[in-house]
Structure formats: C-alpha cells, structure tokens
Amino acid sequence: MSGVTLESTLTCPHCGHTNMETMPTDACQWFYECEGCQTVLKPKAGDCCVFCSYGTIPCPPIQEQGKGGGCCG
629 MSGVTLESTL
639 TCPHCGHTNM
649 ETMPTDACQW
659 FYECEGCQTV
669 LKPKAGDCCV
679 FCSYGTIPCP
689 PIQEQGKGGG
699 CCG
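Under the working numbering, read the sequence shown as residues 629 to 701, first letter to last.
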C-alpha cells in the first residue's frame, strides 16, 4: 500500500463536527458515531464505507483501485 494515505477527516453531515481518524486497512468501516452529536453515520448509497461518504480521503482500497475496487470485497 505504498502512497496510500491512512488518515482522513470525517465530517458529520448532521452537526458539522470534524474528527481526524485512521482508516483500517483490513476491513470496511460501515458505522461511525459522531463525537459531536452521537449520530451513527452509515455509508451513502453507492459508497463502500463511511470514509468514502464523509471523509476527506477515500478508504485505502479505493485510493489504490479506484471507485470500482471497494473495501468490502
């Protein structure tokens, strides 16, 4: 995974709270609880994980393989 960024800033669409998170390299992250409003975020339709939906950087498999790759197999 050379050249892959592992940190992404997630932004809650409900309250606007942002938080820098380290992305997993071996699994999807389908849920994320906002530290600001405690809303549980789920991926938007067509996205494989919360980082692809709400992050500044998409998940590592998408960075490497493009939108058709996906982290969920």
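If you're looking for bench data, these hints aren't it; they were derived computationally from the structure.
Any given hint could be a false lead.
Each pair of labels, with its calculated beta carbon distance range [to be verified]:
#1 Thr-684 <-> Asp-654: 32 to 42 Å
#2 Leu-634 <-> Glu-663: 12 to 22 Å
#3 Gly-644 <-> Ile-685: 29 to 39 Å
#4 Thr-637 <-> Trp-658: 17 to 27 Å
#5 Gly-631 <-> Gln-666: 33 to 43 Å
#6 Gln-693 <-> Cys-665: 14 to 24 Å
#7 Gly-664 <-> Gly-631: 15 to 25 Å
In silico SDA-like links for lysine to any residue, alpha-carbon gap of 25 Å or less [unchecked claim]:
#8 Lys-672 <-> Glu-692
#9 Lys-670 <-> Thr-639
#10 Lys-672 <-> Glu-635
#11 Lys-672 <-> Gln-693
#12 Lys-670 <-> Asn-647
#13 Lys-670 <-> Phe-659
#14 Lys-672 <-> Asn-647
#15 Lys-672 <-> Thr-646
#16 Lys-672 <-> Thr-684
#17 Lys-670 <-> Ser-681
#18 Lys-672 <-> Thr-639
#19 Lys-672 <-> Gln-657
#20 Lys-670 <-> Gly-644
#21 Lys-672 <-> Ile-685
#22 Lys-670 <-> Glu-692
#23 Lys-670 <-> Ala-655
#24 Lys-670 <-> Cys-643
#25 Lys-672 <-> Pro-652
#26 Lys-670 <-> Val-632
#27 Lys-670 <-> Thr-650
#28 Lys-672 <-> Val-632
#29 Lys-672 <-> Pro-641
#30 Lys-670 <-> Pro-652
#31 Lys-670 <-> Ile-690
#32 Lys-670 <-> Thr-653
#33 Lys-672 <-> Glu-661
#34 Lys-672 <-> Met-648
Keep in mind that this is a model prediction, so the values were computed, not measured.
Built from N, CA and C at the ideal position, the CB exists for glycine as well.
Results for each hint:
A beta carbon spacing of about 21 Å between Thr-684 and Asp-654 contradicts the range 32 to 42 Å that was offered as a hint. The hinted range of 12 to 22 Å is satisfied by Leu-634 and Glu-663, whose Cβ atoms lie roughly 19 Å apart. At roughly 19 Å, the beta-carbon separation of Gly-644 and Ile-685 lies outside the given 29 to 39 Å, and the hint is violated. Separated by about 19 Å at the C-beta atoms, Thr-637 and Trp-658 satisfy the suggested range of 17 to 27 Å.
For the pair Gly-631 and Gln-666, the beta carbons lie near 35 Å from each other, so the given range of 33 to 43 Å is met. A hinted range of 14 to 24 Å for the beta carbons of Gln-693 and Cys-665 is inconsistent with their spacing of about 33 Å. The hinted window of 15 to 25 Å between Gly-664 and Gly-631 is violated, with their beta carbons roughly 32 Å apart. Restraint check for Lys-672 and Glu-692: the C-alpha separation of about 20 Å stays at or below 25 Å, so the hint holds.
The hinted pair formed by Lys-670 and Thr-639 meets the criterion: a straight-line CA distance of about 12 Å does not exceed 25 Å. Between Lys-672 and Glu-635 the CA atoms are separated by roughly 20 Å; this keeps the pair inside 25 Å, and the hint holds. This hinted pair checks out: Lys-672 and Gln-693 have alpha carbons roughly 19 Å apart, not beyond 25 Å. This hinted pair checks out: Lys-670 and Asn-647 have alpha carbons roughly 16 Å apart, not beyond 25 Å.
The hinted pair formed by Lys-670 and Phe-659 meets the criterion: a straight-line CA distance of about 5 Å does not exceed 25 Å. A threshold of 25 Å between alpha carbons decides the hint, and for Lys-672 with Asn-647 the separation of about 18 Å falls inside it, so the pair holds. Between Lys-672 and Thr-646, the direct Cα distance comes to roughly 18 Å. Compliance with the 25 Å bound is thereby established for this hinted pair. For the hint pairing Lys-672 with Thr-684, the CA-to-CA distance comes to about 15 Å; that is within 25 Å, so the pair holds.
For the suggested pair Lys-670 and Ser-681, the alpha carbons sit about 8 Å apart, so the restraint of at most 25 Å is met. Using a Cα cut-off of 25 Å, the hinted pair Lys-672 and Thr-639 holds, with the two alpha carbons roughly 13 Å apart. In summary, the hint linking Lys-672 to Gln-657 is supported, as the alpha carbons are separated by about 12 Å, within the 25 Å threshold. The hinted pair formed by Lys-670 and Gly-644 meets the criterion: a straight-line CA distance of about 15 Å does not exceed 25 Å.
Our distance criterion of 25 Å between C-alpha atoms is met by Lys-672 and Ile-685, whose separation comes to about 15 Å. As the CA atoms of Lys-670 and Glu-692 are separated by approximately 22 Å, the hinted pair is consistent with the 25 Å bound. Straight-line distance between C-alpha atoms of Lys-670 and Ala-655 comes to about 15 Å, which keeps the hinted pair within the 25 Å bound. Our distance criterion of 25 Å between C-alpha atoms is met by Lys-670 and Cys-643, whose separation comes to about 15 Å.
For the hint pairing Lys-672 with Pro-652, the CA-to-CA distance comes to about 19 Å; that is within 25 Å, so the pair holds. Distance check on the hinted pair: Lys-670 and Val-632 sit about 23 Å apart at the alpha-carbon level, within 25 Å; holds. With a C-alpha separation of about 17 Å, the suggested pair Lys-670 and Thr-650 falls inside the 25 Å cut-off, and the hint holds. For the given pair, Lys-672 sits about 22 Å from Val-632 by alpha-carbon distance, which is consistent with the 25 Å threshold.
Restraint check for Lys-672 and Pro-641: satisfied, since their Cα atoms lie roughly 11 Å apart, inside the 25 Å limit. Straight-line distance between C-alpha atoms of Lys-670 and Pro-652 comes to about 16 Å, which keeps the hinted pair within the 25 Å bound. Simply put, Lys-670 and Ile-690 have alpha-carbon atoms about 17 Å apart, close enough for the 25 Å limit, and the pair holds. Between Lys-670 and Thr-653 the CA atoms are separated by roughly 18 Å; this keeps the pair inside 25 Å, and the hint holds.
With a C-alpha separation of about 15 Å, the suggested pairing of Lys-672 with Glu-661 holds against the 25 Å cut-off. Proposed proximity of Lys-672 and Met-648 is supported: the alpha carbons are some 19 Å apart, at most 25 Å.
Checked against the numbered hints above, the structure breaks hints 1, 3, 6 and 7 and satisfies the rest.
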